[in-house]
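Colleague: If you want the building blocks of each chain, they are given just below.
2 protein chains.
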Amino acid sequence: MLDFVFHNPTKIIFGKGKISKLGEEIVPYSRRILLVYGEGSIKRNGIYYQVVDILKESGIEYKELSGVKPNPRLDSVREGIKLCREHSLDMVLAVGGGSVIDCAKIIAAGFFYDGDPWDFFTRKAKIEKALPIGAVLTLAATGSEMNGNAVISNDETKAKKGVGSSHLLPKFSILDPLLTCTVPPLQTAAGVADIMSHVFEQYFSANEGAYLQDRIAESVLKTCIHYAPIALKEPENYEARANLMWASTIALNGILSTGKLTDWATHMIEHEVSALYDIAHGVGLAILIPYWMEYVLDEQTVGKFAAYAINVWGVTGNNEWEMAKEGIGKTRAFFKALGLPSRLNEVGIQREDLEIMAEKAVTDEELGRFKKLNRQDVLSILKNAF
Amino acid sequence: MLDFVFHNPTKIIFGKGKISKLGEEIVPYSRRILLVYGEGSIKRNGIYYQVVDILKESGIEYKELSGVKPNPRLDSVREGIKLCREHSLDMVLAVGGGSVIDCAKIIAAGFFYDGDPWDFFTRKAKIEKALPIGAVLTLAATGSEMNGNAVISNDETKAKKGVGSSHLLPKFSILDPLLTCTVPPLQTAAGVADIMSHVFEQYFSANEGAYLQDRIAESVLKTCIHYAPIALKEPENYEARANLMWASTIALNGILSTGKLTDWATHMIEHEVSALYDIAHGVGLAILIPYWMEYVLDEQTVGKFAAYAINVWGVTGNNEWEMAKEGIGKTRAFFKALGLPSRLNEVGIQREDLEIMAEKAVTDEELGRFKKLNRQDVLSILKNAF
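Respectively, the protein sequence lines represent chains A and B.
For any residue, its number in my numbering is found by taking its place in the first sequence, counting from 1, and adding 2.
For any residue, its number in my numbering is found by taking its place in the second sequence, counting from 1, and adding 2.
Please keep in mind that the hints were generated in silico from the structure rather than gathered at the bench.
Only a predicted model underlies this, so the values are computations on that prediction, with no experimental measurement involved.
It cannot be assumed that every hint is accurate.
Because identical chains share one entry, a pair is satisfied inside a single copy or across any pair of copies.
Straight-line C-alpha distance at most 30 angstroms; calculated DSSO-like pairs for lysine-lysine [claimed, not checked]: (1) Lys385 <-> Lys71; (2) Lys18 <-> Lys374; (3) Lys327 <-> Lys84; (4) Lys163 <-> Lys173; (5) Lys18 <-> Lys373; (6) Lys373 <-> Lys131; (7) Lys332 <-> Lys224; (8) Lys163 <-> Lys71; (9) Lys126 <-> Lys18; (10) Lys373 <-> Lys128; (11) Lys374 <-> Lys173; (12) Lys373 <-> Lys160; (13) Lys131 <-> Lys385; (14) Lys128 <-> Lys23; (15) Lys338 <-> Lys84; (16) Lys128 <-> Lys18; (17) Lys71 <-> Lys362; (18) Lys224 <-> Lys84; (19) Lys235 <-> Lys306; (20) Lys306 <-> Lys18; (21) Lys338 <-> Lys327; (22) Lys160 <-> Lys385; (23) Lys373 <-> Lys71.
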């Protein structure tokens, strides 16, 4: 087990109707907030009206930034920063999924930075400070509700990049599983693929000895495998929605990466796919994960894949290689059974763009730590997944 | 899954030699601290001298409160409060196991309270504020390093009681597994029993639907079962010590109790045993746990015990009752194999005191939620365990 620091002060308020706590959570920080949301689903399902009623009742003034897209754009971030400055807002409240929360985070950090917020992503600038951030989560997927990470897409350069800072940890996140009951099947499934991908990136680690963390990682995977089919069959099954929601948070709140070298190659590859084609992140991951697994399976990694197959999928047998392959096969079949696409060409990707993606994914350094991937490796994975 | 709030801002600094970070963690809070420690083991193994060197180098003045006992006494708390007030100290640093940390916590809270600190435990007073608390952990057991709980013994009334408050969460805890390599076998084993007992109190829950939490609980149990024998055989095995240390923290930092009604009957019973006889908490728990399990096993609870047997011990079979009993048997055999006593009479308890213990354990309300226990039930468990 490697040395680590774990420090996650985000307050989670979890349960039915917990949106009622919103006012009392905001007031210690602010009376003038920027309300950030997406493309209107929170108006259709009524969450928007609940939120603004609470803000009004609590005496909290607000300006709105709406229209934040999945794969949130830099333009929205810039617009949000402008609104905060123009109206002297001093807190950012995200109501939505990970994209909305990520956008809110960079608005909160960009507020204190004179240059362009894209500088945080090119490492030209470091996040030194941020406005307080709050979240009302409406989708179980990214874990952004309890971490300091954000991913933003830049339309001008067709780039999608991530940044992390403890300043971006939300002060609080309200997690009401009922709010996810109206999430459509494909998005529910893509969210589950996203959760599982976060676990994989940390579980398939280059170092040994983080036994406890591996068992907890398997717990999150088993929870996804158990409840995703139930949530698809019975969208209003509270137990399923609650377990998936808490799983999304635990998957990426820092617990699973304690004592570990993590991988993240699949995410880096997927970022290039969805930067060019604007497909849902979870869909891209669901396609790529099994091909990444097959590609990195070798003498060094087979033991870990066999353990994965045994502990997560209940695979039995004597031959490590066979069990490892069976585990990967079950992963692929699971995503397919959830109704997720399994090839890049199914989601409109053109073969001629694969080389550009590979080129952009691997710039200076090789990707991943579980197994290092160069540009040719990445291209092979993309071609296999095509 | 029940509604919950999870909020744990304690910073964990984990790894080899991390005591070197002590100065920089203290300085943001204080330059004048109370250093609290136990009965001298930190002098024998040299940790004490490392700590005071760092304090001096960092320009941190300190006064010492030493001699804090396992089952820490109210007298030590009072003495610590007096020292803080006399010397205008404004932070409390615990160097030791859970007893030392618990003592430090109540000193930190008692500093701001005019009455006697025992009032916190009799619920005559509420903890409204506390000095900042820091910890250097030397024993994997109680989880006090990352929670707001403290248990104190009152010699005058022969009572041992607990209290919890978010004000008691340490600002930071330094967890260096190397510091636990010199812990003697019986204390190592008792620490493991303590960790597992914390999991049991939360795992054997009266409510359903916290699937993820149950899988994580099983992860902590499997970690204890895997590494306790290794730590006993090879006291300097870093991987074993590291996994047990992080398991102790995860077992009681609030994650496992999210969405759950927890039990804690075994702890309430053990508190009365060790209040009268001053035996090690973990030893008392190791004795009582299997008898509690046997006693509460019934038509309602058999399913959960069977799941425990299957998921944690790998028990197989068709009959729920048989599997449940096998799981309980394996628990008992495991504690025995670790060298822990398995009967109260082995640790000097007198039969005539069992009634007093039962009487003190069950005052107004019945104990436990997984299965409610009245005074007669508790007496039966104590007699069975005698």
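Colleague: All hints, please: hold or fail.
Modeller: Now for the hints, and whether the structure bears them out:
no. : hint              : result
1   : Lys385 <-> Lys71  : within (28 angstroms within a copy, 65 angstroms between copies)
2   : Lys18 <-> Lys374  : between (44 angstroms within a copy, 27 angstroms between copies)
3   : Lys327 <-> Lys84  : neither (51 angstroms within a copy, 65 angstroms between copies)
4   : Lys163 <-> Lys173 : within (23 angstroms within a copy, 33 angstroms between copies)
5   : Lys18 <-> Lys373  : between (42 angstroms within a copy, 26 angstroms between copies)
6   : Lys373 <-> Lys131 : neither (35 angstroms within a copy, 50 angstroms between copies)
7   : Lys332 <-> Lys224 : both (13 angstroms within a copy, 25 angstroms between copies)
8   : Lys163 <-> Lys71  : within (15 angstroms within a copy, 53 angstroms between copies)
9   : Lys126 <-> Lys18  : neither (42 angstroms within a copy, 33 angstroms between copies)
10  : Lys373 <-> Lys128 : within (29 angstroms within a copy, 54 angstroms between copies)
11  : Lys374 <-> Lys173 : neither (36 angstroms within a copy, 38 angstroms between copies)
12  : Lys373 <-> Lys160 : within (27 angstroms within a copy, 59 angstroms between copies)
13  : Lys131 <-> Lys385 : neither (42 angstroms within a copy, 60 angstroms between copies)
14  : Lys128 <-> Lys23  : between (33 angstroms within a copy, 24 angstroms between copies)
15  : Lys338 <-> Lys84  : neither (43 angstroms within a copy, 66 angstroms between copies)
16  : Lys128 <-> Lys18  : between (38 angstroms within a copy, 29 angstroms between copies)
17  : Lys71 <-> Lys362  : within (22 angstroms within a copy, 61 angstroms between copies)
18  : Lys224 <-> Lys84  : neither (44 angstroms within a copy, 52 angstroms between copies)
19  : Lys235 <-> Lys306 : between (32 angstroms within a copy, 26 angstroms between copies)
20  : Lys306 <-> Lys18  : between (38 angstroms within a copy, 26 angstroms between copies)
21  : Lys338 <-> Lys327 : within (17 angstroms within a copy, 40 angstroms between copies)
22  : Lys160 <-> Lys385 : within (21 angstroms within a copy, 73 angstroms between copies)
23  : Lys373 <-> Lys71  : neither (33 angstroms within a copy, 50 angstroms between copies)
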